[in-house]
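Q: Sequence:
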Amino acid sequence: MPAQPDLFGPAPLSVTLPPGGELPALWVRRLTLWKKPGEVVRDIELRPGLNFIWSPDPADMGGRVEPGELGHGAGKTLFCRLLRYCLGEDRFAADPQRLSIGAAFLNGWVSAEVMLSGTPWTVLRPLGVARGHFAVAGVSPEELFDRLTEPTGMAPLLDAIEQQVLTARVAGLMPVDHQHDAWRVALAWLTRDQECRFDHVLDWRAAESDSDSPTRSMSRSRLQEAMRVLIAAISPEEIELQAAANAQAEAHKAKLGEVGRWQWACGQLHAEVLRAVGLSATSVPDGRLGLEVLRQAARQKLAKAAKVDPSVDVSNLGDLRQRARDAAQEVAELDKQRAVLNSSLPLHESLLRQLRAELPGASAQIRDAEVPTCPICEVPIDRVLAQGCQLSRESPDLAALRERHDALKRQVDAKQDEIDAVKQQVAALDRQLPVARAGRDALRQALTQAEKLSDNRSSAWRQGKKNLDDIERLEREWATWEQAQTHAAQLQAQMDAKRDALGAFRDQQATVFARLSTYFDAVIRAVVGPTASGRVGLDGNGLKLVVQWGGERSTAAIESLKVIAFDLAVMCMSMEGATRLPAFLLHDSPREADLGLSVYHQLFDVVRKLEGASASAFQYIVTTTTQPPPELQKSPWLRLELRGAPPDERLLRCDLP
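For the sequence shown, our numbering gives the first residue as 1, with consecutive numbering after it.
One thing to keep in mind: the hints can contain errors.
What the hints assert, rightly or not - Beta-carbon label-pair distances, calculated as ranges:
| hint | residue 1 | residue 2 | range |
| --- | --- | --- | --- |
| 1 | Arg216 | Pro636 | 34 to 40 Å |
| 2 | Ala442 | Gln300 | 32 to 38 Å |
| 3 | Gln633 | Gly612 | 20 to 26 Å |
| 4 | Gln492 | Asp539 | 14 to 20 Å |
| 5 | Arg220 | Trp264 | 28 to 34 Å |
| 6 | Gln490 | Gly153 | 23 to 29 Å |
| 7 | Ala442 | Glu403 | 54 to 60 Å |
| 8 | Gln548 | Asp605 | 17 to 23 Å |
| 9 | Val139 | Ala497 | 52 to 58 Å |
Unchecked claim - Below, a list of computed lysine-lysine pairs in the PhoX-like style, where the Cα atoms sit at most 20 Å apart:
| hint | residue 1 | residue 2 |
| --- | --- | --- |
| 10 | Lys253 | Lys336 |
| 11 | Lys253 | Lys498 |
| 12 | Lys466 | Lys301 |
| 13 | Lys609 | Lys634 |
| 14 | Lys301 | Lys465 |
| 15 | Lys466 | Lys304 |
| 16 | Lys255 | Lys465 |
| 17 | Lys304 | Lys465 |
Just so you know, the hints here were simulated from the structure itself, not pulled from any lab data.
Note that the structure is predicted; figures quoted are calculated from it, not measured.
Cβ atoms here follow ideal geometry from the backbone N, Cα and C, with glycine treated the same way.
Produce the entire structure from the sequences given, and follow the hints as far as they go.
A: Structure follows, in structure tokens:
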């Protein structure tokens, strides 16, 4: 049956304010830049309601664009960063720009008058060299300049915001780790980075902004949890259950990794054992049933390795090695003896030649002694005896000469006998060596064969034992793998149960999301047209923003519009007191992704209609290069007009070094 048309249509956007809710719980009344105490550079007054900080693009104004005239670089983002700085953020610019500003404003300050639950607070923070920070209720910036030696830090204001706006209960539920981070997370949402381009509802701070916001270290799930805490769409019980579910999800992820590692290890070891026992994968049953088949194959291989070749004695390898060593030593000793004998022969033969060379001389001396001559005058003795010698009366000793000759002959004979004996010994060694070498070589061959057989047997035995050990290890690892699988399945079941419980908790918060969807739908219809619709949903996969306009739309411009419309819808809920957020928004250049100018202007028309006749229950500050709607390009909506050139029309009224 077709759905009945809604004859009256959805209700237009309207907010019912609670008693005493005519003004936002937190808003900024004034932002002032000081060159030094007493010297004001900029004094920017703000108000509840819609506030524009506009840096006109000359092309949008219909005039001639001069070189250097741009709508950019005027200081819109710096204005937002300074405002965030005065609301508790730690940095007002990325390091290079912060250092340049510090050099130009060495004694500079930024102050803000912050209205908190009707009480004025003054914040004073340095721009230049490191100085103290101040946050004091009920005083003026000029009074704080007289107390520069008594810094209070930002803690008094942050404590007051967390107590009066967020409430201590909500701050305690926030998934943060440090004091005052609850407000800093909320501030990141309310004052999105321009660098995030309004791409995603949970993109609040970009790495490029160098903000040191705690949201930079938070996961999407934690950011979503923080968002739900701030819009009162989550209970403490759900937070506790979600924390347990997150822990289980991490444990399940780790356990799945463990399962994968054990699966790989078992597969590798199983394939290795199959190769070792000589079986194919198809011949073994799958799973642990195949372990017994592998074990039987390994035992058969081990029994085969225990058999011995009868032709080779490997029973006493030690004795065989000793006999081989003895045979080798015997050959070496014979070689050594032969070498020594051969090396002594030349010496003996040389001595023999020398002795033989002396024999002729000894024989001649005997002959001469038998017919002696005078040793002095060389005259024959017989003539000397006949005629007489005038020089010497001595005659040679014939007996001594004959004895010397005989001794020399005996030495020659003895040396010859010695040489003959050496040659006989060498000949004997030459006969022994081949036999000894043959015996040595035979023993070496026998030892090599025996050792090879023994090694093969030992290797096969060791491999057989290793196969059995590997199968035992495989069985243990398989059991561990199965236990890990069982544990992972149990964790999955527990996660599913918690997911169902979380779904039940989300169903309990349906009223909050229904109210949020009402505002979101009203903004979408007012901006896009009556045929469009919007819806905010929450399921197990996270927060969903849906725009229907002739079918579901999801272009880059529509995604940007979804984020802006969602923030405005939450601001409406804050106006009626349904969230723990102040009805405060700061959007830095929200026209992204070629968002149509008519749509852009319609957004501001929607916001303007939320303003009261005398006061507004919200503060929405927008910086823009695109011109606001013509009727809003004046006071009280236009709070400041900036230009990129000349320098005096920029936010800081100067060039930076």
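Q: Each hint needs a verdict: does it hold in this structure or not?
A: Verification of the hints:
1. Arg216 with Pro636: 34 to 40 Å: 36 Å Cβ-Cβ, so the 34 to 40 Å window holds.
2. Ala442 with Gln300: 32 to 38 Å: holds (37 Å)
3. Gln633 with Gly612: 20 to 26 Å: holds (21 Å)
4. Gln492 with Asp539: 14 to 20 Å: With Cβ atoms ~19 Å apart, the hint holds.
5. Arg220 with Trp264: 28 to 34 Å: holds (31 Å)
6. Gln490 with Gly153: 23 to 29 Å: violated (50 Å)
7. Ala442 with Glu403: 54 to 60 Å: For alanine 442 and glutamate 403 the Cβ distance comes to about 59 Å; the hint holds.
8. Gln548 with Asp605: 17 to 23 Å: holds (22 Å)
9. Val139 with Ala497: 52 to 58 Å: 56 Å Cβ-Cβ, so the 52 to 58 Å window holds.
10. Lys253 with Lys336: violated (77 Å)
11. Lys253 with Lys498: Holds, because 16 Å separates the two Cα atoms, which is no more than 20 Å.
12. Lys466 with Lys301: holds (11 Å)
13. Lys609 with Lys634: Distance ~16 Å between lysine 609 and lysine 634 Cα, so the pair holds.
14. Lys301 with Lys465: holds (10 Å)
15. Lys466 with Lys304: holds (15 Å)
16. Lys255 with Lys465: violated (33 Å)
17. Lys304 with Lys465: holds (12 Å)
Hint compliance for this structure: hints 6, 10 and 16 are broken, all remaining hints hold.
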